[in-house]
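Number of protein chains: 2
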Amino acid sequence: MTLLRSWVASANSGTTDFPLNNLPYGVFDAGAGPRMGVAIGDQILDLAAVDHRLDPELFAHPSWNAVMAAGPKVWAALRARLTELLSDEAHRASVEPHLLPQAGAAMLMPFTVTEYTDFYAGKNHAVNVGTMFRGAENALPPNWLSIPIGYNGRASSVVVSGTPVPRPWGQVKGPDEALPRLAPSARFDLELEMGAIVGQPSTGMVSVAEADAMIFGYVLLNDWSARDIQAWEYQPLGPFQSKATATTISPWIVTTAALEPFRVSTPDRERPLLPYLREPGPMLYDIALEVGLAPEGGAETVISRTNYREMYYSAAQQLAHHTSSGCAMRVGDLLGSGTISGTRPDSRGSLLELSWGGKEPLTLDTGETRTFLQDGDRLTLRGAAEGPGYRIGFGNCAGQILPAADLPAWAKE
Amino acid sequence: MTLLRSWVASANSGTTDFPLNNLPYGVFDAGAGPRMGVAIGDQILDLAAVDHRLDPELFAHPSWNAVMAAGPKVWAALRARLTELLSDEAHRASVEPHLLPQAGAAMLMPFTVTEYTDFYAGKNHAVNVGTMFRGAENALPPNWLSIPIGYNGRASSVVVSGTPVPRPWGQVKGPDEALPRLAPSARFDLELEMGAIVGQPSTGMVSVAEADAMIFGYVLLNDWSARDIQAWEYQPLGPFQSKATATTISPWIVTTAALEPFRVSTPDRERPLLPYLREPGPMLYDIALEVGLAPEGGAETVISRTNYREMYYSAAQQLAHHTSSGCAMRVGDLLGSGTISGTRPDSRGSLLELSWGGKEPLTLDTGETRTFLQDGDRLTLRGAAEGPGYRIGFGNCAGQILPAADLPAWAKE
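As they're listed, the protein sequences go chains A and B.
The letter at position 374 of the first sequence is residue 374 when you use our numbering, and the numbering goes up by one with no holes.
The letter at position 15 of the second sequence is residue 15 when you use our numbering, and the numbering goes up by one with no holes.
Since the hints were made in silico from the structure, they are not lab data.
One thing to keep in mind: the hints can contain errors.
[Said to hold, decoys possible] Beyond 10 Å from chain B on every Cβ pair, some chain A residues (computed):
#, residue
1, 5
2, 58
3, 101
4, 120
5, 156
6, 181
7, 182
8, 244
9, 262
10, 322
[Claimed, not checked] Residues from chain A shown here face chain B by an in silico Cβ test under 7 Å; the list is partial:
#, residue
11, 147
12, 276
13, 330
Every residue gets a Cβ at the ideal spot worked out from N, C-alpha and C, and that includes glycine.
Using the sequences plus the hints, can you model the full thing?
Right under this line is the structure:
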């Protein structure tokens, strides 16, 4: 695959996130209310306005859930038609009036999140966290090499890139304190993840191959995490309020069709998997990822560079495991990959790992240091699959940390 | 409060679950498709057909979410109007044609579950389980007396009473096995709980008093649990597939208005709570509960009798904690109380506790014994608040265990 050329000039730059090869789907508001659109170069094509040849009802509500529910044939037909409309000069006159500059549009949530599940399926992350908390000998839990470990998260917490993230309050207890306190989190962190969007429903157990075909596309995902709240609350039933403040996703759904040339295999298994989790082919993707941190009013430092291919389990494996007990999956379910850390210190996907539990502060390009996030910090995740002469980019997944809200009187001593 | 008399004779029996004092809300199908109804004696009143004096749109879709979203003034107006219609003989001629016998109606899900959260807030249950797994000295986790411990469950798993429950497959590993196996759960269990239904949304932290006012009503809830799957999967991020097969709720939403006379306080605190969790008044309810187990083709044995007042934390406290990190709550969120066990051996709310981890089999009235559930077993939860000459009942919360599905070829070795 090489660059597919469009009559939209900015799509052919080779450096844009959104060449014709990509065609990611979002919901935008350029002043006329929320509408469904596709990104092309530095423009957005208004999908309700073009001759897409599909049921107009699919584009009547500003959310991609109806298109997802319509199934893979509709997904393929829409992509083929958009490719035709945006490549063939013959369509330019009718289509060009429905392009709007991305710079003038606010991006909204691209789909309604039905349920949100977060996994813990990056081995380097699991080993790093396990080493910090349990020592190198017991870093990986006994089940880790057999199960893509996951927990249910909070769908109501998922927000689109650009939404400010207030520092959460929560119960925390220091090791020398007898009783917990209600306090703003002092160890508020990011987690660099990919989010897989379930585009077709299931009941009963599905195979990894079936699961792969159910996935409509991917977004970047930042699973904001309050480490101090988590440490006190998470035994015995897992993270709860520590993960419920916000989960930020990038605004463009990059489809599996666009990512197809970038499939890669999961790493060799260190322990054989049970048959229901074995992959019939490559189901990860080669997607370069980075994390930028900009203090308020300061320049950004890239604090981590890694790749989605570092995962031990693919989203298809996670989804297959998710159905193993008979759990029904629905259109719009979102699966967080788990934190994506590489093997090098500068490829870790969380400040918990980058600062090694807060013991080794990072020095930013501004000269400031960081263990965990400060008020005013702006975090930006970026990602792209790199092809010959083009890139399949995700756009930004950004959020700025606001100071904790004032505590209501009834919550004070 | 004494029995309120209705012109529907069966509502005045003193033994019905559904006197005029109750007026619980459900969705039924008596052959003409799903409709919203209220139970009165052994009848259901079709709400779309009566002169309720509210916006007909509230009753146009077969789910109680719209009425919940309309807010407490609408809740009060509907209850007052139904009380008038069903007590005053003057309305009998116009209302009676819209009564249908419960015996001829199938009950459907009364509301759309937005998200489902399950708690672990019964102290006797937590002590029993902790003693079995960690010994009596370490039975309660360190955070337990400070936090109503909860985890996010799977909304797609929630089903209405009567839905069969297939035994789940899952990864299990015995203590003497080197590697896990995929197997039907051999330790499939019930959990006797109450479910609180969030009827009003929130953003940001809410007080316990505000949380109490957000709750629309309660149902009985059976959080089916595969103990062997849970044991292998739950560290470090909590229960996942072990709880995702099914969660059964009773079909009638008993409103907080009906339960108002039965408010009781949570027990004395063994450790002071942080101010945000302190209750300004009694927020539990005195609801007698029982669990019946009937082997296939055999008579039922009541295997447990307990009361919702045994909880250490109320649903209002759980909901307030749920919002502490800024987590948004939405109309239709469902909160499971956690397993409700009394202090006596025959008041425990799960087979795990009743059979003490499978070591002390129960003998049923049929002469059979049980540690965990057998295929064909029918479990029924019942509950009622008992007033002078009347009861506020919940109806049945029942489910029968089906054999595990056949394993697909791709899941076999």
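Checked hints:
For residue 5/A, the shortest C-beta to C-beta distance to chain B comes to about 41 Å, beyond the 10 Å cut-off, and the non-interface label holds. A cut-off of 10 Å between C-beta atoms confirms that residue 58/A is not in contact with chain B; the least separation is 21 Å. The Cβ of residue 101/A sits about 32 Å from the closest Cβ of chain B, beyond the 10 Å cut-off, so the non-interface label holds. Some Cβ of chain B comes within 10 Å of the Cβ of residue 120/A; the nearest lies about 6 Å off, and the non-interface call is violated.
Residue 156/A, annotated as away from the interface, has a beta carbon of chain B within 10 Å; the closest lies near 4 Å. Distance to chain B contradicts residue 181/A as a non-interface residue, since its nearest Cβ pair spans about 8 Å, not more than 10 Å. Its beta-carbon lying about 5 Å from the closest one in chain B, residue 182/A breaks the requirement of being farther than 10 Å from that chain. Consistency note on residue 244/A: stated as away from chain B, yet its beta-carbon is not over 10 Å from all of that chain's, at 4 Å minimum.
At the 10 Å boundary, the C-beta of residue 262/A stays outside the reach of chain B, the nearest C-beta of that chain being 26 Å off. Consistency note on residue 322/A: stated as away from chain B, yet its beta-carbon is not over 10 Å from all of that chain's, at 7 Å minimum. At a threshold of 7 Å, the smallest CB-CB gap from residue 147/A to chain B is about 6 Å, leaving the interface hint in force. Hint on residue 276/A holds. Least Cβ distance to chain B is approximately 4 Å, under the 7 Å limit.
A least Cβ separation of about 6 Å between residue 330/A and chain B falls short of the 7 Å threshold, and the interface hint therefore holds.
Hints 4, 5, 6, 7, 8, 10 from the list above are not met by this structure, while the remaining hints are.
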